[in-house]
Amino acid sequence: MSDRMTPIPFDRLMNWILEEKKNRNTVFGVRKAYVAKEGRNLDLFDEKLETPFGPAAGPHTQLAQNLVASYYAGSRFFELKTVQVLDGEDLPVAKPCITAEDECYNCEWSTELRVPEAFDEYVKAWFAIKVIAKEFKLGSPDGFMFNMSVGYDLEGIKTKKIDDFIEGLKEAKDTSIFKECKEYLLNNINLFKNITEEDVNAITSNICTSITLSTLHGCPPQEIERIASYLINEKHVNTFIKCNPTLLGYEFARKTLDDMGYDYIAFGDFHFKDDLQYEDAIPMLKRLMALADEKGLSFGVKITNTFPVDVKAGELPSEEMYMSGRSLYPLSIALAAKLSKEFDGKLRISYSGGADVHNIDKIYESGIWPITIATTVLKPGGYERMVQIAKIFDKEEYKPFSGINPEAVEKLQKDSITDPNHTKAIKPLPSRKMERQVPLLDCFEAPCKQGCPIHQDITSYLKLAGEGKYLEALKVIVEKNPLPFITGTICAHNCMSKCTRNFYEESVQIRSVKLEAAQGGFEDLMKELKAPAVTYEGKTAVIGGGPAGLATAFFLARSGMKVTIFEKRETLGGVIRHIIPGFRIPDEAIQNDIELAKIMGVEIKVNSEVTSIDEIKNMGYDNIVLAIGASKPGVLKLEEGEAMNALAFLEDFKKSDGNVDLGKNVVVIGGGNTAMDTARAAKRTEGVEKVSLVYRRTKRYMPADEEELILTLEDGVEFRELLAPYRQEDGMLLCHKMILGDPDASGRRKPVETDEIVKVPADTVIAAVGEKADINFYKQNNITINEKGYPVVDPVTAETNVKGVFVAGDGLYGPATVVEAIRDARKAAEGILGKEVAKDIEADLDIEALYAKRGIIKKADEEGKDSGRCLGCSSVCENCVEVCPNRANISIRVPGMALAQILHVDKMCNECGNCETFCPYDSAPYKEKFTLFNNTADFEDSTNEGFVLVDKDSLTFQVRLGGKVTTVKGLKDTGLYDGIEQFIAAVYNDYSYLF
1 MSDRMTPIPF DRLMNWILEE KKNRNTVFGV RKAYVAKEGR NLDLFDEKLE
51 TPFGPAAGPH TQLAQNLVAS YYAGSRFFEL KTVQVLDGED LPVAKPCITA
101 EDECYNCEWS TELRVPEAFD EYVKAWFAIK VIAKEFKLGS PDGFMFNMSV
151 GYDLEGIKTK KIDDFIEGLK EAKDTSIFKE CKEYLLNNIN LFKNITEEDV
201 NAITSNICTS ITLSTLHGCP PQEIERIASY LINEKHVNTF IKCNPTLLGY
251 EFARKTLDDM GYDYIAFGDF HFKDDLQYED AIPMLKRLMA LADEKGLSFG
301 VKITNTFPVD VKAGELPSEE MYMSGRSLYP LSIALAAKLS KEFDGKLRIS
351 YSGGADVHNI DKIYESGIWP ITIATTVLKP GGYERMVQIA KIFDKEEYKP
401 FSGINPEAVE KLQKDSITDP NHTKAIKPLP SRKMERQVPL LDCFEAPCKQ
451 GCPIHQDITS YLKLAGEGKY LEALKVIVEK NPLPFITGTI CAHNCMSKCT
501 RNFYEESVQI RSVKLEAAQG GFEDLMKELK APAVTYEGKT AVIGGGPAGL
551 ATAFFLARSG MKVTIFEKRE TLGGVIRHII PGFRIPDEAI QNDIELAKIM
601 GVEIKVNSEV TSIDEIKNMG YDNIVLAIGA SKPGVLKLEE GEAMNALAFL
651 EDFKKSDGNV DLGKNVVVIG GGNTAMDTAR AAKRTEGVEK VSLVYRRTKR
701 YMPADEEELI LTLEDGVEFR ELLAPYRQED GMLLCHKMIL GDPDASGRRK
751 PVETDEIVKV PADTVIAAVG EKADINFYKQ NNITINEKGY PVVDPVTAET
801 NVKGVFVAGD GLYGPATVVE AIRDARKAAE GILGKEVAKD IEADLDIEAL
851 YAKRGIIKKA DEEGKDSGRC LGCSSVCENC VEVCPNRANI SIRVPGMALA
901 QILHVDKMCN ECGNCETFCP YDSAPYKEKF TLFNNTADFE DSTNEGFVLV
951 DKDSLTFQVR LGGKVTTVKG LKDTGLYDGI EQFIAAVYND YSYLF
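In our numbering, the protein residues as written are 1 to 995.
It is worth saying that the hints were derived from the structure and are not from the lab. Hints are not guaranteed to be accurate.
[As the list claims (entries may be wrong)] Computed list of lysine to aspartate or glutamate pairs in DMTMM-like fashion (alpha-carbon distance at most 20 Å, straight line):
| # | residue 1 | residue 2 |
| --- | --- | --- |
| 1 | Lys859 | Asp102 |
| 2 | Lys699 | Asp715 |
| 3 | Lys179 | Glu198 |
| 4 | Lys362 | Asp394 |
| 5 | Lys853 | Glu407 |
| 6 | Lys395 | Glu38 |
| 7 | Lys411 | Asp259 |
| 8 | Lys179 | Glu155 |
| 9 | Lys346 | Glu407 |
| 10 | Lys859 | Asp419 |
| 11 | Lys779 | Asp614 |
| 12 | Lys179 | Glu117 |
| 13 | Lys134 | Glu198 |
| 14 | Lys907 | Asp11 |
| 15 | Lys160 | Glu234 |
| 16 | Lys907 | Asp922 |
| 17 | Lys952 | Asp973 |
| 18 | Lys424 | Asp263 |
| 19 | Lys803 | Glu830 |
| 20 | Lys568 | Asp614 |
| 21 | Lys759 | Glu718 |
| 22 | Lys853 | Glu467 |
Starting from the given sequences, assemble the full structure and let the hints guide the process.
This is the structure in structure tokens:
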């Protein structure tokens, strides 16, 4: 295995394109083709552009197949990857070199090929695109353009290697690769339906008429001007100079990113001082504009280069990395606004820096184009995201460039600061990974289901709800979840954190769809349900009528066991009913879930507090499930003053409908979800004027869900961060001011106390600092507890040391979520019954309809009817296929297998690591998926599971499985385990262009 890419010869490149298109109607895995509107063009440097956008100089313009895939998806302006004198194996690039989970970082710069190889790739792509434009009827063969990119100093640019590159792209007719491509097409004209010899002969050898100059950070202004003057005077090419965001100044960049939530991005002022200064740039740009005009050429700037920042959390194996994507946009557009105003819109701008489907229309409408993109197509959907962007331009007015509108660009800059598509989330992003290794075969999995503690069949009920089949959808939900209304309202929705849609725009609103199905199907479901016959001997007592108790009772009763709930209060529902405020969940929703348990035949005894297990056993119960919760309040000790307990306050608040005497100023101490409920309830309490929430870290490190934080902020609660309270006196809460130190074991930065004292007005202080289980109950009933005070149970059955006694809910591991209570309830029920109490219900999804959704950005439905955005990942995942710029991961259809299989093609991979970022497993597909090797040397140099064709005549393969290498002949009866033999046969027989 090597990180060196092997270019595809032109004849094989064309064979691949034609065969794949013929057999699968795709090109390099891109399923959607953009067809340009005939005769609709923009003019740039006397060339035609059917769309004014395309891939930026980077991973999507390095190889011929990357350029072809981009064109097929709608790109028409191609900024070829930068070349410099240092190239190939001599260019040091740490791997992996890209991480694009949210904003993007990279530590690669110019082409990793040798410059002559890069030249060949661009010429091959030029011919291939010219041909498929007409052959596949995608547009005019003259409706696109290539823009070369060179760097990084004048001495290097003047070397023969780079000079040959520049001159070759200006006029390629005498180059060997141009002749080779043309000869192949003429000799194989019979392969094409719509291409003639005249078409081939008409392909111009003038590949590039423009160039983008990229310089290293710290390059002196005199050097930049010398290079640009050389390109204009000596090379006679239209020239863009790539500018750096550092032109904005350190203070502007730091404040902008801080205000937008990117305060964790670390950078000093070194590059800002060392790079081209604004006061030097303006006169230089004016001189170059005049020079280009004198020579009859065009001149402009490329905005912007990536932004150098420090590696602080091991993001990449380097000391410095380059930021791009949505966090770069506010800086890039700010520089565009500044220069547009400075030059009154007369300076042409080629744009890159966070352009995507959300903003590209407005950038274009301001007069800024061409526009190049990179980060957005590094994410799931990949090249197919370009199709949606191309269609945006179908609706735009095409008119000759007459200047940039500075006011429009300034508005873009101002809007970017608060645009949710570019601001950072309040909380650090949760891991989107499943804690499992990707399997060699059948790896498609719905990460939402795996992220759900009860593994709800989410794709199944989303499909049914989307079809308006609410009863059927609710049946799927209730199979594993007997609390659909509660979880449809206040579930912590771990499933949504795992949703692949997060990499597009935002998660499918799974919880809202669950509630939609519950509300739409409940009445009909209740008509159908009836108590099952009792088929199990014995009976079970459930102690506690909260979520865990209700769920346990439901599962047992539905399975045929007699069950009784003993609840010490007058009504069921536990914390959800008695503590959580009504503005978060109405009583009717809770009651609906209680009715589900009742209709299953569960006996309910309220006002029945249980203190003795033996007492229940003496009543004839064979099994007892303790679902007693964790209601013992955590204690906050102050040197002076006393804090009210949050649960006690919330219960009083709910009982009195907000009529609790708290005074005017309330301080809530804590950072969890209970603290958020408390603060929001206090804000609604009669007589309260101000609520402050005190926490010793910042919002970013609070344990509360982001959704709860946002709701609390929207309610007007004042967050007082980095404060540690120690005394309440004279209507004030005294706090030590804290600063954040190094991360602790949890990854949160540790608060460090300072000498500064901060006073916060406080008539009442409420502590929301966690709850615990009542260990006295366990001790009195001889149940073994651990050092944390929780019962020791069998991890599979939840049974305690006391035979027949089980535990579920908050009393098992401590305060948890409702869905985790359901998980524990099912475990206890199955421990009692000795069998599963619920089954999987898989959806029959339309594969083609799922593929049609890939690459399409679509915001969540505001009314919660969001089923249609589900990508059906259990049937189609292919993230690794889509996000690979080089197309090194391929979806393979294997006869007899329901799902497509993923093949990694070693020779096309440069180990950028992008597929690892977006694989839903905790895995790196380029290392862990079944791999096709180019030759035995590459096979032997790798540890990947995979195969190589050793001899075509005898069909001899070497195969590595489980670390063991086997030589096999033929494609049948090879002795390889089931699935692998069929996989290899399918690759060889149906994807012959890979060999």
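Here is how each hint holds up against the structure:
Using a Cα cut-off of 20 Å, the hinted pair Lys859 and Asp102 holds, with the two alpha carbons roughly 17 Å apart. At roughly 16 Å between alpha-carbon atoms, Lys699 and Asp715 fall within 20 Å of each other, so this suggested pair holds. For a cut-off of 20 Å, the pair hint linking Lys179 to Glu198 stands: about 16 Å separates their Cα positions. Distance hint between Lys362 and Asp394 is fulfilled; the C-alpha atoms sit about 14 Å from each other, no more than 20 Å.
With a C-alpha separation of about 36 Å, the suggested pairing of Lys853 with Glu407 is violated against the 20 Å cut-off. A hinted pair counts as satisfied when its Cα atoms are at most 20 Å apart, and Lys395 with Glu38 qualifies at roughly 14 Å. Of the pairs offered as hints, the one joining Lys411 and Asp259 holds, with about 17 Å between alpha carbons and a cut-off of 20 Å not exceeded. Between Lys179 and Glu155 the CA atoms are separated by roughly 30 Å; this puts the pair beyond 20 Å, and the hint is violated.
Using a Cα cut-off of 20 Å, the hinted pair Lys346 and Glu407 holds, with the two alpha carbons roughly 13 Å apart. Under the criterion of a C-alpha separation no larger than 20 Å, the hint pairing Lys859 with Asp419 is consistent with the structure, at around 14 Å. With a CA separation close to 13 Å, the supplied pair Lys779 and Asp614 stays within the 20 Å bound. Straight-line distance between C-alpha atoms of Lys179 and Glu117 comes to about 15 Å, which keeps the hinted pair within the 20 Å bound.
Between Lys134 and Glu198 the CA atoms are separated by roughly 12 Å; this keeps the pair inside 20 Å, and the hint holds. Annotation: proposed proximity of Lys907 to Asp11 holds, straight-line Cα distance about 17 Å (limit 20 Å). Distance check on the hinted pair: Lys160 and Glu234 sit about 14 Å apart at the alpha-carbon level, within 20 Å; holds. In summary, the hint linking Lys907 to Asp922 is not supported, as the alpha carbons are separated by about 24 Å, beyond the 20 Å threshold.
Taken as a hint, the Lys952 and Asp973 pair is honoured in the structure, with Cα atoms around 18 Å apart against an allowance of 20 Å. Of the supplied pair hints, the one linking Lys424 and Asp263 holds, its CA atoms being roughly 10 Å apart against a limit of 20 Å. For the suggested pair Lys803 and Glu830, the alpha carbons sit about 15 Å apart, so the restraint of at most 20 Å is met. Among the hinted pairs, Lys568 with Asp614 is consistent with the structure: their alpha-carbon atoms are about 17 Å apart, no more than 20 Å.
Between the alpha carbons of Lys759 and Glu718 the distance comes to roughly 14 Å, so the proposed pair stays at or under 20 Å and holds. Distance check on the hinted pair: Lys853 and Glu467 sit about 17 Å apart at the alpha-carbon level, within 20 Å; holds.
In summary, the numbered hints that this structure violates are 5, 8, 16.
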